[in-house]
Amino acid sequence: MTDRPQAPGTQPALPHDGHGLRALVIDDNRETRSWIAETLALALPMAQVDVAATVAEAMALLLDAPSRFDFALIDLDLPDGSGLDIIRAILQHGLPTTPIVITIFDDDATLFEALSAGAQGYILKGVKTAGLVEQFRRIEQGEPPISPRIAQRMLAHFKALPAPRRTEDAGGCPAELTPREGEVLRLLGKGLTMAEISRHLGISVNTCATHTKAIYRKLNISSRAEAALAADRRGLI
Amino acid sequence: MGHSDGAEAPAADPGGQQLRWAIGSTLQVPLFRLTLLLILAAALVSATLALRLAQPAIGAGLLTIDAARGTIYTGREGPAPLLALLPAMGAEAAPLPVTPALVIEDPDMLGSYAARRQLFAAQDRLMALAEDALARGLPLRGLIALPDGQNALVDLPVTARMPARALPAGFWVQLGCGAVILAVAACFVALRAGQSTGRPTPEGLGGFVLAGLGAAVSAFTAGLYSSRGLVMDGGTMQLASALNHIFTLLFGVGMTALFARYPRPLLGRRWVVAGAGLVALQVLAYRLELLPHDLVSPQISVALLFVAIIALVVAQHRATRGHPADRAALRWLGLSILLGSGVFVALVALPVALQHDSILSQGMAFLPICAIYLGTALAFARYRLFDLDRWALRIMFHLGVVALLIAVDILVLVTLSLSGPASMASAVALVGLAYLPLRDLVFDRLFARHRPDLASIHAGAVTVAFQIDPAAKAEAWQLLLTRLFAPLHVTPADHPVPAARIADEGLALLVPAQGGAPALRLGHADGGGRLFAAADVALAAQVTQLVQAAEQDRAAYEAALHRERRRIARDLHDDVGANLLSALHAKAEQPRQDFLLEALADLRQIASGLAGRPVTLEAQIAEMRAESRNRAEARGHSLHWPLGSADDCTQLISYQTRRNLTAIHREALSNALGHGAPGEIRVTADCEGMMLHYRMENPLAAAQAGAGPDRGAGCGNMQSRAQAMGGQLHSAADPARGIWVVTLAMPLTARPEGTP
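Here the protein sequences come in this chain order: A and B. First residue of the first sequence: 3, per the numbering used here; consecutive thereafter. First residue of the second sequence: 104, per the numbering used here; consecutive thereafter.
Simulated from the structure, these hints should not be mistaken for laboratory data. Note that the Cβ used here is the ideal one computed from N, Cα and C, for glycine as well. A couple of the hints might just be wrong.
What the hints assert, rightly or not - So, partial list: chain A residues that the calculated Cβ filter (under 7 Å) puts toward chain B:
{"id": "1", "residue": "F107"}
{"id": "2", "residue": "G128"}
{"id": "3", "residue": "K130"}
{"id": "4", "residue": "G184"}
{"id": "5", "residue": "K192"}
{"id": "6", "residue": "A197"}
{"id": "7", "residue": "S200"}
Claimed, not checked - Listed next, with one range per pair, are the computed distances between beta-carbon atoms:
{"id": "8", "chain 1": "A", "residue 1": "Q94", "chain 2": "B", "residue 2": "S685", "range": "29 to 35 Å"}
{"id": "9", "chain 1": "B", "residue 1": "G715", "chain 2": "A", "residue 2": "N31", "range": "54 to 60 Å"}
{"id": "10", "chain 1": "B", "residue 1": "S823", "chain 2": "A", "residue 2": "G133", "range": "50 to 56 Å"}
{"id": "11", "chain 1": "A", "residue 1": "A230", "chain 2": "B", "residue 2": "P850", "range": "28 to 34 Å"}
{"id": "12", "chain 1": "A", "residue 1": "T131", "chain 2": "B", "residue 2": "R673", "range": "56 to 62 Å"}
{"id": "13", "chain 1": "B", "residue 1": "A558", "chain 2": "A", "residue 2": "A230", "range": "25 to 31 Å"}
{"id": "14", "chain 1": "A", "residue 1": "A230", "chain 2": "B", "residue 2": "S685", "range": "49 to 55 Å"}
{"id": "15", "chain 1": "A", "residue 1": "L44", "chain 2": "B", "residue 2": "E736", "range": "21 to 27 Å"}
{"id": "16", "chain 1": "B", "residue 1": "R738", "chain 2": "A", "residue 2": "A230", "range": "46 to 52 Å"}
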């Protein structure tokens with residue numbers, strides 16, 4: 003899987019002080035916005051963090067200099083629209099920015115929609131400062147979080163896929179989960195950690211993380227395929 | 104059609120009485136009444152047609168009568184004026200000159216009594232000629248003037264009966280106009296509001312109906328003689344002419360009666376009667392030739408009546424000042440009548456009165472009069488003329504559609520009968536493929552009885568029950584009843600109605616009050632098509648019960664919903680509020696953040712409870728596992744919670760169970776984190792049948808070892824939560840193994856105690 007061309011948003015791991023890292027924080031709540039920006043800036047002193055409060059501001063910044071941002075931390079509920087639109091725009095324009103959702107709760111239906119649309123992970127606002135950096139680090143290193151509730155939703159999503167239809171992405175990767183990925187997802191849905199799962203399945207934590215990334219990607223592929231299929235059924239395309 | 108009042112009638116002759124009630128009630132069913140009147144009208148039309156066809160005809164198809172050019176013969180010799188009629192070959196009779204007076208449309212158009220008498224005498228001679236020719240089986244002979252100035256004799260065959268196709272268009276126009284006018288008048292009589300709702304018969308309606316009758320009969324009688332061609336029995340013609348005279352003036356009298364009382368009562372009835380008497384005297388004087396012709400000729404009477412009508416309309420116009428509705432009705436009615444009658448007077452009556460030829464043939468002149476009637480029928484849809492109700496319009500609309508269908512049917516039949524064999528086949532195919540299905544469709548749409556099925560009755564009842572606003576509920580209830588019984592009118596009942604019952608011998612159904620809706624009186628089942636029956640009472644009672652049952656269900660549902668909301672409100676207050684307060688008053692930053700995080704977690708669970716999403720036990724355990732491990736690790740403990748049988752339990756659990764289970768687990772974990780020794784916290788959750796077995800162990804700290812089973816402030820809280828769920832909680836040290844153990848056994852389906 004490593005020889006595959008890089009999907010947008012899966013950047014190589016960055017230096018630990020955040021050197022060269024550019025992030026955009028989009029949240030309409032001023033306190034939350036500053037808290038996230040300041041926490042990131044403190045933890046990664048060399049990183050450059052910009053902020054935006056609305057969809058319009060964010061789009062202007064993102065499209066102004068398309069290669070500027072490595073990460074966009076996006077609140078979904080914005081005054082002039084949904085963060086989902088920003089995620090879709092990033093993917094549509096092929097920007098090298100990794101979209102990450104900021105959310106209060108990890109069982110929000112909109113969050114799952116955002117992940118399906120291509121968000122590469124999410125960060126919970128309702129944590130302490132140390133927790134925020136930790137969450138960001140994990141995503142940055144390719145270990146996106148999957149809460150039990152999200153995992154359960156993902157499982158339901160993959161189960162509902164039409165079995166005989168083999169959907170593939172551009173690189174020929176099927177949209178269905180492998181049995182091992184399915185097992186990892188099932189255990190994530192039970193609230194087990196990566197370490198527990200790797201022990202349970204007799205695999206390394208790294209392999210487990212690779213599976214998680216694959217699950218994220220396939221969720222995105224299958225969601226797009228599903229949307230296309232639905233559009234096709236409605237005669238839109 | 105007298106009003107029968109069953110309640111007060113003596114019971115001397117129950118059988119006859121009942122029969123009379125039944126007949127009286129049936130007569131009050133508007134549709135029945137209307138049908139009866141329409142049958143009478145149809146009989147009148149048929150009689151006119153039969154009488155007309157029974158007259159002999161001379162030269163049918165060869166002669167055309169033209170007011171301007173006289174009588175024209177059209178044969179091989181080309182069109183030529185007919186000068187005289189000669190008897191059949193071999194008969195001894197003087198030739199009869201064909202003068203304009205002989206073929207005049209209406210005897211009353213002649214300028215003197217003598218001319219009229221001469222006409223009737225000539226008609227008698229003509230009749231004699233025709234009968235003689237018929238007896239000999241020979242044609243009459245006609246003297247025509249050829250274009251070259253020569254005269255010639257032509258054969259004019261005589262038939263004993265007038266062939267229908269030889270009748271001039273004017274006759275059909277008169278017959279049709281008369282029929283339409285009668286139908287409209289019948290509608291107004293049959294559907295008038297007074298009869299069914301106890302209101303008095305509306306003012307002016309009598310005059311309008313009289314005028315209709317006058318117009319229709321004068322059209323029929325005029326049709327009889329003005330289409331005579333040449334021949335008609337003098338006596339019949341005299342009678343028809345007299346009737347025409349009388350009924351034409353009846354039209355005028357009816358109109359004056361109308362505008363004397365409508366829209367505002369201007370003149371007393373005796374004035375109208377006096378006027379009518381004067382007109383009757385004129386008729387008498389004219390018919391009996393008592394007064395000079397020019398004083399009492401029908402044209403004079405018509406002109407006088409017309410002036411009276413105009414005067415009344417002008418007076419009405421003044422009287423309706425400040426009554427916009429009346430003014431609108433008058434404007435429509437008055438204008439259409441003045442226009443219609445004006446056309447008639449200006450083009451027919453006035454020229455004759457001034458000794459000129461009329462401009463429009465009398466037959467065609469009935470078209471504007473017919474238009475008045477149709478216009479009036481349409482106008483009352485808008486202005487509720489004569490206080491007729493909306494439902495009457497519905498019936499008239501349906502009647503119009505039926506009439507249209509019949510007309511199209513006749514047209515199709517006539518077309519079919521006239522077409523040649525080749526085109527006949529395609530015409531039949533077209534009728535079969537297109538016309539008949541379309542006709543069925545229209546008929547079904549308008550007239551099929553749509554008795555609602557059980558599903559729609561139920562849906563209607565539920566809709567009524569689920570309206571919160573009393574006005575909306577009343578409206579929905581009325582709508583449901585209307586769908587079920589299609590009554591012509593729905594009015595609030597005069598008295599309280601304890602149970603559904605029939606009133607007025609089946610004319611009405613009384614329905615008890617329902618929720619916000621008052622007791623109702625439904626008048627005339629199925630659009631006035633039938634009487635209410637026992638089955639309707641049963642249906643009304645069932646629907647009432649259905650609505651009540653649905654209302655009870657809704658109340659129970661609302662109560663449950665309310666309980667749930669109260670519970671959630673209490674959780675918000677007790678749990679979230681307590682944590683926020685603790686955060687507010689916490690002295691150190693660390694515990695403040697902990698309290699806030701806990702408040703957030705509570706909020707999340709309460710919010711998901713509000714969203715009403717069903718949660719399975721396995722999902723709940725997964726969430727608790729993920730959340731508590733984060734907490735434990737943040738405090739330097741490790742948590743081991745292996746998969747157990749509860750992780751495969753797909754049993755749905757209630758919000759209450761979730762809240763209590765989460766709270767107990769959090770409390771236990773807080774105690775373990777706060778009071779236990781560092782080390783691994785072990786949790787297991789298993790499911791046996793419908794029982795959840797939960798267990799938490801943590802290393803025992805020295806301070807804990809001697810503590811009693813009610814360690815910590817939260818212990819009592821845990822205990823009460825477990826009991827509320829019908830479960831059992833034990834919390835105690837196991838000094839032998841050096842651990843503190845919390846066990847909980849809790850049924851998964853138990854309803855929480857202490858909730859109503």
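Status of the hints after comparison with the structure:
1. Using the Cβ-Cβ criterion of 7 Å, the hint placing A:F107 at the interface with chain B is satisfied: the shortest such distance is roughly 5 Å.
2. Using the Cβ-Cβ criterion of 7 Å, the hint placing A:G128 at the interface with chain B is satisfied: the shortest such distance is roughly 4 Å.
3. Interface hint status for A:K130: upheld, as the beta-carbon distance to the closest one in chain B is roughly 6 Å, under 7 Å.
4. At its closest, the beta carbon of A:G184 sits 16 Å from a beta carbon of chain B; the interface hint therefore is violated under the 7 Å criterion.
5. With its C-beta approaching chain B no nearer than about 5 Å, A:K192 sits inside the 7 Å limit, and its interface hint holds.
6. Look at A:A197: its Cβ only gets to about 10 Å from chain B, farther than 7 Å, so that hint breaks.
7. A distance limit of 7 Å between C-beta atoms decides the matter here; for A:S200 the minimum to chain B is near 15 Å, and the interface restraint is violated.
8. At about 47 Å, the beta-carbon gap between A:Q94 and B:S685 misses the expected band of 29 to 35 Å.
9. Distance hint check for B:G715 and A:N31: the Cβ-Cβ separation is about 27 Å, which falls outside the suggested range of 54 to 60 Å.
10. Evaluation of the 50 to 56 Å hint for B:S823 and A:G133 yields a failure: the beta carbon distance comes to about 33 Å.
11. The given range of 28 to 34 Å is broken by A:A230 and B:P850, whose C-beta atoms sit roughly 47 Å from each other.
12. Separated by about 33 Å at the C-beta atoms, A:T131 and B:R673 break the suggested range of 56 to 62 Å.
13. Between B:A558 and A:A230, the C-beta spacing of about 38 Å breaks the proposed range 25 to 31 Å.
14. Between A:A230 and B:S685, the C-beta spacing of about 51 Å keeps the proposed range 49 to 55 Å intact.
15. Take A:L44 and B:E736: their Cβ atoms lie about 22 Å apart, and the range 21 to 27 Å holds.
16. Against the hinted window of 46 to 52 Å, the Cβ-Cβ separation of B:R738 and A:A230 comes to about 48 Å, which satisfies the hint.
This entry does not satisfy hints 4, 6, 7, 8, 9, 10, 11, 12, 13, going by the numbered hints stated previously.
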